[in-house]
Amino acid sequence: MTSDGNAPAWHGWIRKQFGSDVSPGRRALAVALGDLCRHLRPDFSGQLGNKELTQTEAAKRLRSNPSSLSRFLSGKTVPGPEFIETLFKEACADTGAGAGDAKATGITLDLDDLMHLRQRAVKERRCDRCGDLSEQTAELTSLKHEAATLRTAVTELRAAKAGLQARPAPPPVPPSTGDRRRSRNDVAAARQVAVQAEELGRGGRQDVALTLLRQTAEVLSPVETAVVLLTLRQQRQNRLADNLIHIYGRDQGDRSVMQVALELHEQGADGDAGAILRAAMR
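Okay, so the sequence shown: first residue is 34 according to this note's numbering, each after it adds one.
Just so you know, the hints here were simulated from the structure itself, not pulled from any lab data. Mixed in with the good hints, there may be bad ones.
[Said to hold, decoys possible] Below are the DSBU-like pairs computed for lysine-lysine, each with C-alpha atoms no more than 35 Å apart in a straight line: (1) 84 <-> 122; (2) 84 <-> 109; (3) 122 <-> 93; (4) 109 <-> 93; (5) 84 <-> 156; (6) 156 <-> 93; (7) 84 <-> 49; (8) 156 <-> 49.
[Said to hold, decoys possible] What follows is a set of in silico ranges between Cβ atoms, one per label pair, in the way DEER data are often shown: (9) 50 <-> 85: 51 to 59 Å; (10) 275 <-> 87: 53 to 61 Å; (11) 113 <-> 143: 13 to 21 Å; (12) 45 <-> 247: 57 to 65 Å; (13) 60 <-> 283: 49 to 57 Å.
Treat the numbers as computed from the prediction; the structure is a model and nothing was measured. Don't be surprised by glycine CBs; every beta carbon is placed ideally from N, CA and C.
All chains, full assembly: derive it from the sequences and hints.
Below you can see the structure in the form of structure tokens.
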């Protein structure tokens, strides 16, 4: 503290670092509160010589606590009107000034000025929250749009599958080929799913692609599922392929899983065939 009884004291705890998220209004209020705190004097009763006012002592005088006082001075929290009024009165009392002539003793703002700063800080805080709410609303709208798109895709797949299944079946492949024939409708529906999933995956929307696969897993036949899985491997969408194995093995019945595994085995994908069987056993 300086030798002049009315000069403001430069208590070290008053100076706080402002975070990048502190708005101009809260910063201005915090600076004004810090200026008032510099006019607070320690209690010299029973003490010899100068004594530095601590943050704990100041908080006690202001009917607060050190943690709250620190947040007020750093702009992290906007104090209530009662705290500001108490601080103003205590600062005026320590400078020997009345509320009406505080500026004559070095207190640059009156109580009305301080309350105006507080209102500005509160308004900015509300605006920040409104901005966050707007971002969350926009994200929710985007998610709803994605959900609607996925529902439309599933509906189209079901319609396409129904139409393809209504077509006359091509002649069977002779058993001598050693390969169970996939029907054209199986391949067409499966490729449609794989193409959509690939586009979503390459666009950085792996989660949406995974949702598409999860929703279509109940629509596709075991043969179609194997085609989707093999196509994803060819397209190097390995993460989606691994997730499809996990989803199908976990959610589908044993018979369907075994049919997919058999199809994968016959196509030379022994690793994926074993993986989907293991997923079903977990």
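message = Looking only at beta-carbon atoms, does the pair residue 113, residue 143 fall within the given range of 13 to 21 Å?
response = Holds, at about 18 Å.
ask   = Within a Cα-Cα threshold of 35 Å, do residue 84 and residue 109 meet the stated pairing?
value = holds, 29 Å
key: Hinted pair residue 156 and residue 93, Cα distance within 35 Å   = Roughly 28 Å separates the two Cα atoms, so the pair holds.
query = Does the alpha-carbon distance linking residue 84 and residue 122 stay inside the 35 Å limit?
reply = Distance ~21 Å between residue 84 and residue 122 Cα, so the pair holds.
query = Taking only the CA atoms, is the gap from residue 84 to residue 156 under or equal to 35 Å?
reply = violated, 39 Å
key: Verdict for residue 50, residue 85 (Cβ pair) under range 51 to 59 Å   = Taking Cβ atoms as reference, residue 50 and residue 85 lie about 20 Å apart, which means the hint is violated.
Distance restraint evaluation - residue 60, residue 283, Cβ atoms, bounds 49 to 57 Å = holds, 53 Å
ask   = Under the criterion that the straight-line Cα-Cα distance not exceed 35 Å, is the pair residue 156, residue 49 satisfied?
value = holds, 22 Å
query = residue 109 and residue 93: Cα distance at most 35 Å?
reply = At roughly 20 Å apart (the allowed maximum being 35 Å), residue 93 and residue 109 satisfy the hint.
query = Is the Cα-Cα distance between residue 84 and residue 49 35 Å or less?
reply = holds, 21 Å
request  = Given the range 53 to 61 Å, decide if the beta-carbon distance of residue 275 to residue 87 lies inside it.
outcome  = holds, 60 Å
ask   = Is 57 to 65 Å right for how far apart the beta carbons of residue 45 and residue 247 are?
value = holds, 59 Å
Consistency with the previously given hints fails for numbers 5 and 9, ordered from lowest to highest.
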